[in-house]
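Q: Line order of the protein sequences matches chains A and B.
Position one of the first sequence corresponds to residue 2 (my numbering), numbered consecutively onward.
Position one of the second sequence corresponds to residue 62 (my numbering), numbered consecutively onward.
The set of hints was computed from the structure by calculation and includes no laboratory data.
Note that beta-carbon positions come from the ideal geometry of N, C-alpha and C, so glycine has one too.
Keeping only pairs whose Cα atoms sit at most 30 Å apart, straight-line, the calculated DSS-like set for lysine-lysine is:
(1) Lys398(A) to Lys117(B)
(2) Lys117(B) to Lys193(A)
(3) Lys167(A) to Lys117(B)
(4) Lys152(B) to Lys176(A)
(5) Lys432(A) to Lys117(B)
(6) Lys260(A) to Lys517(A)
(7) Lys122(B) to Lys176(A)
(8) Lys432(A) to Lys122(B)
(9) Lys103(A) to Lys214(A)
To give an idea of the chain B side of the interface with chain A (calculated C-beta under 10 Å), a few residues:
(10) Glu102
(11) Gln146
(12) Leu343
Sample of chain A residues lacking proximity to chain B, with all beta carbon distances greater than 10 Å (derived):
(13) Met116
(14) Val134
(15) Ser257
(16) Ala288
(17) Glu354
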Amino acid sequence: MLKRVLVSLFMVCGANAMAVAQEPKLGGVINAVIQPEPPGLMLALIQNGPTQMVSGNIFEGLLRYSPKLEPLPGLAESWTVSDDSKTYTFKLKPGVTWHDGKPFTSADVLFSIEMLKQTHARARGNMVQVEKVEAPDDLTVVFTLKQPFGPFLGIFEVGSLPMIPKHLYEGTDFKTNANNNAPIGTGPFMFKEWQKGSFIQLVKNPNYHVKGKPYIDAIYWQVIPDAAARSVAFETGKVDVLPGGSVENFDVPRLSKLKDTCVTGAGWEFFSPLAWMWLNNRTGPTANKKVRQAIMHAVDREFAKEVIWNGLGKVATGPSASTIKFYTDDVPKYPFDPAKAKALLKEAGYKGEKVRLMPLPYGETWQRWGEAVKQNLVDVGFNIETIATDVPGSNQKIGDWDYDISFTYLYQYGDPALGVGRNYVSSQIVKGQQFNNVEGYSNPEIDKLFAEGAVATPDSKRKEIYEKAQKILVEDVPVAWMLELQFPTITRCKIKNLITTAIGVNDGFRDAWIDK
Amino acid sequence: MLSFIAQRVAKGVVVLLAIIVLNFFLIRLAPGDPAIVMAGEAGASDQVFVNQLREKFGLDKPLPEQLFRYVRGIASFDLGFSFRQQMPVSKLILERLPATLLLTLTAFAISLSFGILFGVFAARFAGTWGDTAITALALVFYATPLFWIALMAILLFSVTLDWLPSFGYETVGANYTGIAHVLDVGAHLVMPAATIGLFFMATYTRMTRASMLEVNRLDFVKTARAKGLRNNLIQRRHVLRNALLPVVTLAGVHSGTLIGGAVLTETVFAWPGIGRLMYEALLQRDYNLLLGVFVVCSAMVLIFNLATDLVYRLVDPRIEFST
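Produce the complete structure using the sequences and hints provided.
A: This is the structure:
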């Protein structure tokens, strides 16, 4: 029933959008929820979710991405790739200025890359592939790669490679630069005020380089720490936008039924959050492949999707989400089958040793999921001990490999070379971190496939390599893949065009307008 | 009296130092550190990133050195730098202090005045239906979790009746000034202040009632009655004054802890105060900010305890200061 309501709401909203191509209207203010309060807005220094959400309005990247992950013009208006796939030439958009009126040029791009290599872990990783970056003129930037890198055109969204004003940061201590508190970008909105603990106000950039945009006058990002209070704030009309993940999932159907409320799952195509359970491949029962396969059969993922996530999302088939490149579902299948799970456990010689299960401390939905999985595992004979901890404790335990089974979800960034390989190749087994090969899986063949896949050309070759890797991984079950998550964004229906690209609200509200 | 105060202040400084040292180590016993948390929030990290953060926060230094630096900072009234908020801790606390003081002092005033009033009424009419009603309600408010009262109040007064705003300190974007601003803040204040106030009011009601009944049985009250004094006068001038001593003690203890006690209420109502700051600092392992809030809260407790001792003297002239 809940699913039907949501599906029909999606359809109603979609139908509304298609019915009339309305002319955008100018003016108005959007009140959106931001949670937790970001530690800062300087995107080159801080890359957590809330910072990206607010600062995606202030800063911009060279490219944007369509929901199908095709690159779109951003600060670069066009680009070309050499025949050997090693040289990428970007033509910058002329007439772009920073919020303080200074022109945006190729020198800013070069400076941003150098700065991000020092301060931005993901950018640093991506730039390893780059041999040199040059600026032959003010509006041209040329990247020369050491070798072809398939996903190269996928690393330029605002959160991964934001453009930073050289004239304000060059020669300064980046961490203490005064502009960090009132960031200057090229984006459609400018920073106005931040009352810590209450709200962040952004106002329209009157000199924005896209003519006529943005349409709305201001955005208030309101800080409301309690999930139930955020639901009430929307219900009572005090906020207009609840970005994905702002409220507990079980509140979504109720809020969806409110008058003039629209819900969309769009805007997560680039990140494609995939939830799985880390299974410790080093020690304990989960070091045994048959036990890991038993876990896959024991866990009722359809139930989790339908009941815990209210029908939102999709059961995962393997290490890649179905929305990213080179996904295949031609892999071994693990349907919910407790009898098979029990048989596999018997085959593995499992004698009831204690298995520590650590749910993700991200709120009620995740706690309930942990409880449901525990029940599934106990039903097939596992001896489960639930470990309760908070976020720092969970991060520490995962980074120290101090767990048997532990929930997580990670972004995939559109391409297996960017967001999938890091969790399975043995070079990423590094203690103390939470986003690499935490499970300790090591398979030389997989290492070789991911190394080849990143640099292979053309895409058909990459497809072949990644499909093979997916099959091997699903057979080995280094982790237990659960769901492709969907975090619905809830808005007042009068707000149009809020989400237009693959990174959703993180791409700023430049296209949004209010139908008064 | 001055030497009494001086000695209490000196003892207070020693206690404060002990609290700082104890808390410094206690919060580091919890798993995770600010670098781990911030790396986690970034959604991607490498060892270089985590090391950069640890170096930036001084977490790469040995613990005794970190403690020495912190205490040296405190001695010069420097509470350190918040790792996550990227601001000096003292600035953060000072920014949030007015909101917390407004909330807790309002709650305190409501709870103390109504608590004593209801307590006196219940004692004066002990055994009547009025006494039973007050005692029962006090028990309910004393036993009910604050967050539940807060959520129910939001459901009733914001969602159903639409009388009061459900979150925040003021209406964002309204830019009210003058009396309109005062009324706006007042409307936002009602529910959080009442939520905190109800619990403490219940405590004071029960304490005042019990204390009044106990004092009423003492010999000097019988003497006063034998002298032919009117009952109202006896209750006001003799019984209440004596009965208030334990209430003052309790209020003294509470007043110091009210800042920390507002954590839940400030979180549910998105009230931008110190309680919320502490809650967030705890979740983010923001050591300096957490310690800074502890220092301020501890100092408040010490100051209010001293003030309570001074108030004793006013309430009961028989009490003398001794050093």
